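Asker: From just these sequences and the hints, can you work out the full model?
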Amino acid sequence: MLRIRRSGYKVLYVIGAIIVIIAFGFFRQSLHLAEWPQAVLGDLISVAAFFVGARVFRGRGEAIAPPRAWWRTTARPTAGFVLTAYFLMTVVYTFVTAVIDPTVTLAATVVSALSGVLLAAAYLNSSVRLLRTPPPVVEEQPALSKFKPMK
Numbered sequence: 001m002l003r004i005r006r007s008g009y010k011v012l013y014v015i016g017a018i019i020v021i022i023a024f025g026f027f028r029q030s031l032h033l034a035e036w037p038q039a040v041l042g043d044l045i046s047v048a049a050f051f052v053g054a055r056v057f058r059g060r061g062e063a064i065a066p067p068r069a070w071w072r073t074t075a076r077p078t079a080g081f082v083l084t085a086y087f088l089m090t091v092v093y094t095f096v097t098a099v100i101d102p103t104v105t106l107a108a109t110v111v112s113a114l115s116g117v118l119l120a121a122a123y124l125n126s127s128v129r130l131l132r133t134p135p136p137v138v139e140e141q142p143a144l145s146k147f148k149p150m151k
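One point on numbering: in this note's numbering, the residue at position 14 of the sequence shown is 14, and numbering is uninterrupted.
Think of the hints as simulated: they come from the structure by calculation, not from any bench.
Errors might be hidden in some of the hints.
Beta-carbon label-pair distances, calculated as ranges [unchecked claim]:
1. Tyr86 <-> Gly25: 17 to 23 Å
2. Trp71 <-> Ile21: 20 to 26 Å
3. Ile15 <-> Leu106: 31 to 37 Å
4. Val14 <-> Ala69: 19 to 25 Å
5. Gly8 <-> Val99: 35 to 41 Å
6. Gly61 <-> Phe95: 36 to 42 Å
7. Gly25 <-> Gly61: 20 to 26 Å
8. Ser7 <-> Val92: 24 to 30 Å
9. Gly8 <-> His32: 37 to 43 Å
10. Ile22 <-> Ala69: 18 to 24 Å
11. Thr133 <-> Lys10: 20 to 26 Å
Since the structure is predicted, the reported quantities are computational estimates derived from the model, not experimental observations.
The beta-carbon is built from N, C-alpha and C at its ideal position, and this holds for glycine as well.
Answerer: In structure tokens form, the structure reads like this:
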């Protein structure tokens, strides 16, 4: 199973997910669907990107081979609380945009707000559970070099 441990690779994953979401946004506009199916498709891609990231990212001292518990989205509680705040801010932004911009439909607003609330709840649940029972810390093994020294 793929595991992403280094911060640089995590950043590349996030950049790749953003590119996929933007590209899919252009594609779904070419389908000429109503606004709410477009919102549902876009939010499904976004939510999937976060849940795949939660499955493959690993933090320092976290076991690599076994899968995370189904509820666990981060290695440490602090990251989950930060992401919870971020997703709650996106929900507020969604409603503010709906009030300011008359072209935004109620259906698209509700779909986007629900996906933000779902992600916030998942990260909050993970952080609260990690605070109650901290995960065991696995001692990291030094990487073995594949190269032999030259004589």
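Asker: When the structure is checked against the list of hints, which entries are broken? Sort them ascending.
Answerer: The structure breaks hints 7, 10; every other hint is satisfied.
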